[in-house]
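Chains as they are written, first to last, in the numbering used here: chain E, 1 to 281; chain A, 1 to 155.
Just so you know, these hints were derived from the structure itself, not from any lab. The beta carbon of each residue, even a glycine, is placed where N, CA and C say it ideally should be. It is possible that some hints are incorrect.
EDC-like cross-link-like pairs, simulated, lysine to aspartate or glutamate; straight-line CA separation at most 20 Å [what the hints assert, rightly or not]:
1) A:Lys148 with A:Glu95
2) E:Lys42 with A:Glu77
3) E:Lys42 with A:Asp94
4) A:Lys148 with A:Asp94
Ranges between beta-carbon positions, derived for each pair [to be verified]:
5) E:Gly23 with A:Arg128: 40 to 46 Å
6) E:Gly204 with A:Cys100: 54 to 60 Å
7) A:Cys41 with E:Asp236: 44 to 50 Å
8) A:Arg117 with E:Gly67: 28 to 34 Å
9) A:Ser80 with E:Gly67: 35 to 41 Å
Over 10 Å on every C-beta distance to chain A, these chain E residues come out as not near it, computed from the model [what the hints assert, rightly or not]:
10) Met1
11) Leu161
12) Ala241
13) Glu260
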Amino acid sequence: MIPSAFDYQRAGSIAEAIALKQGAEGDARFIAGGHSLIPLMKLRLAEPSLLIDISGIPGLSGVSEDGGRVSIGALTTHAELESDSVLLASAPVVAEAAGEIGDQQVRNRGTIGGSLAHADPASDLPAVVVALDASIHIAGAGGERTVAAGDFFSGLFEVDLAEDELITSVSFDAPSQAAYAKLRHPASHFAIVGVAASLTVEGGVCTGARVAVTGASTHAQRLGAVEEALTGSSLDDDAIAAASAAADVDDVNADLAGSEEYRQAMTRVFTGRAIAAAAAR
Amino acid sequence: MTVPISVTVNGRAHELEVEPRMLLVHLLREELNLTGTHVGCDTSQCGACTVIVDGSSAKSCTVLAVQADGGSITTIEGLSAEGEMHPLQQAFWDEHGLQCGYCTPGMIMSGVDLLERHPDPSDDDIRRGLDGNLCRCTGYEHIINAVKSAAGGAE
Chain E
1 MIPSAFDYQR AGSIAEAIAL KQGAEGDARF IAGGHSLIPL MKLRLAEPSL LIDISGIPGL
61 SGVSEDGGRV SIGALTTHAE LESDSVLLAS APVVAEAAGE IGDQQVRNRG TIGGSLAHAD
121 PASDLPAVVV ALDASIHIAG AGGERTVAAG DFFSGLFEVD LAEDELITSV SFDAPSQAAY
181 AKLRHPASHF AIVGVAASLT VEGGVCTGAR VAVTGASTHA QRLGAVEEAL TGSSLDDDAI
241 AAASAAADVD DVNADLAGSE EYRQAMTRVF TGRAIAAAAA R
Chain A
1 MTVPISVTVN GRAHELEVEP RMLLVHLLRE ELNLTGTHVG CDTSQCGACT VIVDGSSAKS
61 CTVLAVQADG GSITTIEGLS AEGEMHPLQQ AFWDEHGLQC GYCTPGMIMS GVDLLERHPD
121 PSDDDIRRGL DGNLCRCTGY EHIINAVKSA AGGAE
């Protein structure tokens, strides 16, 4: 047996999951696909006393769209996102980024809610939800609340989510033109850097831009100088080059996959690619 | 603490009592003696432990046995019906898609998932579909040829 011993309960509803968490002694954790948590448990970096399995809670899976607003249930797997017909039509950037996660087996099990709650600094979806200005819908004992994706991620594996809260869904306005470009670590498949760009274009002029990077720092962050440079531009090659050159990551990280200088440079490169892909969409 | 689970493995129903921390791969290998599913890296990277859980491929070293409760699992042992090799198994034989064979069960189970999604896969689909499986001896070309051959697309 590789992980430490723990108890296990299945929750049939959100209310039951929260009640189990509140009634638990020690370190209880929610589990859905388990593809962030189980590896940590096998290394005994996480040793929960109780796992509360939320994967069977009805109504938390699937993608829907109503009047241009797209909603994704927290239990929707990356593989489902990758091939979902609503997303492919209304927000292909989400399908594109989900298809870049890990490998097929991992995408078959991992969920969007789990990925966002875990907030690995090199995970793909945080950049996308920040660029799309998505709302993260959260349920807790005190009821439901919504946090803007840009405010949700606050540090290394740190998010605005209390111990007894769980993500129920993510929603956003279908973007006009958005794309994700990633420098993929060849072994781990995590993002060395990944950039999501969402553009609004009217009459050939960019009237709004949200650009966010993951993998480059402790958590996904917007590239404000890039957004400013893009707004009002014609999105031609020179404008994209100038805007991506303005990319500057706060608190950029360095590890075996790349130094600070390399990550800053690759952020500029992949910012340019994400913008160009979004502009062409 | 043990938890009762019921799983159908290769078409056969099992009622078991398992510790929650038991990994699915250990259930298969140690409780059900289905040792065709291999443990390679044990860190959800190499794919040697790939099985089909409820129709989709999964790395059974990163699934708890309790998570498979109520589910249906197919392992490499479940592919061949009455001694006849599955088309993917035959194709790995014909195309020399293995050398030591350690990664082969996982490769073939990923191939099953891949051909389910892409019955007529391009080379790129195959490479992408096998991205989660590592082979350390044959190189990948023969493996890709085998999957292509099984799909009926061999040159």
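Hints, one by one, checked against the model:
1. Using a Cα cut-off of 20 Å, the hinted pair Lys148 (chain A) and Glu95 (chain A) holds, with the two alpha carbons roughly 10 Å apart.
2. In summary, the hint linking Lys42 (chain E) to Glu77 (chain A) is not supported, as the alpha carbons are separated by about 27 Å, beyond the 20 Å threshold.
3. Simply put, Lys42 (chain E) and Asp94 (chain A) have alpha-carbon atoms about 38 Å apart, too far for the 20 Å limit, and the pair is violated.
4. With a CA separation close to 12 Å, the supplied pair Lys148 (chain A) and Asp94 (chain A) stays within the 20 Å bound.
5. In this structure the hint that Gly23 (chain E) and Arg128 (chain A) lie 40 to 46 Å apart at CB holds, the actual value being about 44 Å.
6. Range check, Gly204 (chain E) to Cys100 (chain A): about 58 Å between beta-carbon atoms, so the 54 to 60 Å window is met.
7. Restraint check, Cys41 (chain A) to Asp236 (chain E): a C-beta distance of roughly 47 Å satisfies the suggested window 44 to 50 Å.
8. The given range of 28 to 34 Å is respected by Arg117 (chain A) and Gly67 (chain E), whose C-beta atoms sit roughly 31 Å from each other.
9. Here the CB-CB span from Ser80 (chain A) to Gly67 (chain E) is close to 51 Å, at odds with the stated 35 to 41 Å.
10. With a closest Cβ-Cβ approach of about 5 Å to chain A, Met1 (chain E) is found to fall inside the 10 Å limit, against its non-interface label.
11. Its beta-carbon lying about 22 Å from the closest one in chain A, Leu161 (chain E) satisfies the requirement of being farther than 10 Å from that chain.
12. Listed as a non-interface residue, Ala241 (chain E) keeps its Cβ farther than 10 Å from every Cβ of chain A; the least gap is roughly 29 Å.
13. Every Cβ of chain A is farther than 10 Å from the Cβ of Glu260 (chain E); the closest lies at roughly 27 Å, confirming the non-interface assignment.
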